[in-house]
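For the record, the sequence lines run as chains A and B.
Just so we're aligned: the first sequence equals residues 21 to 893 in our numbering.
Just so we're aligned: the second sequence equals residues 1407 to 1515 in our numbering.
Honestly, the hints are just simulated from the structure, not real lab data.
For glycine and all other residues, C-beta sits at the position ideal for the given N, C-alpha and C.
Take the hints with a grain of salt, since some may be wrong.
As the list claims (entries may be wrong) - Selected chain B positions facing chain A (in silico; Cβ < 10 Å): (1) 1434; (2) 1437; (3) 1438; (4) 1451; (5) 1453; (6) 1455; (7) 1456; (8) 1460; (9) 1482.
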Amino acid sequence: MGWITRLQRTLRSRRLERDLDEELRSHLEEACERGRDPEEVRRAFGSALRWREEGRDAHVLVWLDTLLLDAKLGLRRLLAARAVTTVMVVSLALATGSCLAAYQLADALLLRPLPVDRPGQLRAVAFGASLPEWPTRWTRLSYPGYLRLERLDTPATLFATTVPHAHPWTVRPPGTPRETVEIQYVSSSFFGALGLAPSVGRLFAEDDFPDAPRAVITQALWRQLGAPQIGTLLHAGAEPVELVGVTGPAFRGVAPGDPSEIFLPAGRAPGVELAGRNSFQTFLRLDPGASSDVLQAQLFDTWRRFEAERWNVPGIAPDLRRAYLASAHLRLEHARAGASAAQDDYGRALAVLSGLAAVVLLIACVNVAHLMTSQALTRQRELSLRAALGAGRLRLLRMMLLESAWLSLAAVLCGSLLARWLAPALLGQLASSGRFLDLDLAVNARVLLFAAGLAIVVSVLCALVPAGQVRWAGAAAGSRSESRTLRGTRALDGLLFGQVFFCTTVLFVAGLLITSFGRLTATETGFDAEGVLAVQVRAEDEQPPALWSALVERTRTVPGVERVAMTDWPLLSGSGTTHRVEAGAPRREAMVEFLCVSSEWPEVLGIPRLEGSGFAKGIAEGSASAVLINRSFARHFFADQPTLGQALWHIDLDGRRIEYAVSGVVGDVRQNDLRAPPPLAVYVPCAGEADERRRHAFLLVRGSEGTGPWLAEPLRSAVEETDMFRVRGIETQKQVVQRQTAVERLLALLATYFGTASLLLFALGLYGVLHFLFARRRRELSLRIALGGRGVRLLRDVLARTGLAATLGCLAGTALGPLAGRGLEALLFDVSSRDPASFATPIALVALAGAVAAGPVLRRALSTDPAESLRTE
Amino acid sequence: MPRTDALIGSLDLLVLKTLASRPGLHGYALMTAIQVASEDALRVEEGSLYPALRRMEEAGWLSAKWVQKDNGRRARAYRLTHVGKKQLAAEEERWLSLAEAVRQVLRSV
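Could you build all of it, start to finish, from the sequences and the hints given here?
And the structure:
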């Protein structure tokens, strides 16, 4: 009989029993009809129970049957101790929920393969150089650079895309939830290399390139638009484009976290012809059997030659060019799950999140193991009896495992409910700090598999130590109970050590992350972001400075507006331009930040004017060459010399020298990166004579009574009064600054969550252990109190070992902390893992939580009435 | 007086042999058939027969199906399987060699 038949029989055991009974009855009746004495026949059958058992033993797989029995028994036992079970399930659910949420995020951002043909063959091209103050890795290339690579004869198909970018609908179709739509420009080989097929219409063909006004859209957008006909005009981006096709249902581009909605031919991308505009990310699909290394060398060679030509301009110092080319490198990275800036930004944070979640899960498992061990010790009599009745070691072990399996099942179910809330909540938290991550958090087979794996790991981890107790309970069924209990309490001490150890480590790491976030937000930016709105304006066409000046004047008249300034981009928005500058006597050279600002810019942002009073003053009125510099620039180039009127030269890429004269000095501000010190900066007038025609600018608006949403609409109307200008977005300068700390904010939030969870779990665990210790020795303590023993001394006797375990755990945790902190250094700002304060806080918190948990148990122990307690015994 | 203890070690053989010659017997008929064939010398106890039938069914020697008896009552009718026939040959051989060995001992002593 095969296993499947056996299993079926086990599951149909009731029916089999009925069959046996019927056969027995039939036999009995026939025997009686033939004249046999019914009593005699019954005796011949023997005990009905034994008969049935023997029959069943032969029929069913006993192992499976007893397994079901044990599972039922375990469930009954857990339900009987409802309070303890609830504590165990809640601890585990907290931790498994966090793990599941972390995994769901990691899956959506980093692990899920793209819904394209053979995603494992995809690679992303990454570049890098080892120059001071230069990014060590970047992923984008200019379109001319990409074309150079594409034309190579390689064993791969190359394709390139821009990063999806939100563009406003010029005519917003009904049904679209947002004012903007995500547009991505793609190279001609994009859809072909990904092996995609259209669901409606067609995908791009060669004749759509370089820049036919045609668009392919995602199925999600197509549905939102009400399934428009092929050939419909879509009014998104600079000009209307014709819809030619719709992608398959799951495809949302190749940048997880940053999905696209409309795909346009690469030739339509702004600045596509510029060799210096690195806006295209290059991917490739390896031909079967092709060597990644050979291909990498081939691509690197071509790219390096391209860069050598591009850098061969007078504006770049020869030394810098040589150093750049010597250190430049190119790498092919696996892009099975796509490649995006979000992956780069949040990959590390997700690793920290996963690490913290895993440690908290360990704490929770130790906690449950703790409680189960305490229970096992109180169940010694029962376990010994079972062992004496012949229950083997494995059977007792299995009982423990089944109990913890029930717990982990309940925990994973509750945890997945928690994760359903937690994962979107984390994304929402990111969105509130201005960094919107669009991830598909749908539960898939991988997430379910992870949850199942988690349940198994949790079951085993929780049952490990209590199962150890079962082992000796079975082996030493007849030996003295005192020695067994001693071994059991040792196991409890070991678990307490583990719990304090993990808890201190989590608190240490959490402390570093929270302090880092605190220091980052408290960083002196040098300007006042409060009460300033940043209005992004885009002109229909390039407009002369005079029209932009008029726009500034117009917005200044909006009621509630106090000051308005114009600039290229808000401070700390992450954008920046550096130029080579020469100044001072003797002449010195440095790379300097340039920013276009209008005259009121320092006042709008509350940046102090240290010398001079604007572009117009100090030097000739309306002088085209008047600029402001910051304090660092003044110190660096002019030291003690008078600053006003000093000359400086901007050397452009063609080697031309453009002269400026200093007309004022303003205070230092953190310009591009909150973590970097204020750079040397030059502020050139914008919307003045010196400025060129421009298409984009930001208006910085300070309200007379603060700013709020109420100011947004009047500003929008003022800007859009003429058809020339459109508002692309309005946000507060504070939001812009907060975006700089989005990752740190998220990490600090997670650190608070995990720190609190681990403290709570530790306190619960400690309470459980102490409760058990005192309950077990109540009789002894009562006797000693009755005989005049002093409370403090008794406590010392009971707690000596537990206290030692906790102290050692705390010390080990603080020793491990700096090691864990070292791995985090890239994420930390102005915090050292060797800082004494980093050690003091976790120790203090653990001590406090310990005191809170131990207090009620100790108070109860000391206030025990010995007579009462002995009577109860 | 029928001897039940004489069956020790030979019950499987008796059941297999009886079913080989008369397939489709149910429990009571099987018991009676053994008793009659041995001219009342051997009687199988119900308490031994049914567990043995279950065991042999489990081992795949027998197959069973419910049939309607003349009195309208249902009963399980047993039949030898292919494996059961092989098992019968092996059991027969074992029994004969055992009987031969016992005979030799009786003769020499």
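Here is how each hint holds up against the structure:
1. 1434: With a closest approach of 5 Å, the residue 1434 of chain B hint holds.
2. 1437: Residue 1437 of chain B check passes; min Cβ-Cβ to chain A is 8 Å, inside 10 Å.
3. 1438: Holds - the Cβ of residue 1438 of chain B comes within 10 Å of chain A, reaching about 8 Å at its closest.
4. 1451: 5 Å, holds
5. 1453: Nearest chain A Cβ about 4 Å off; hint holds.
6. 1455: 9 Å, holds
7. 1456: Since chain A brings a Cβ to about 7 Å from residue 1456 of chain B, closer than 10 Å, the hint holds.
8. 1460: 4 Å, holds
9. 1482: Status holds, d = 5 Å.
In terms of the numbered hints stated before, the structure departs from none.
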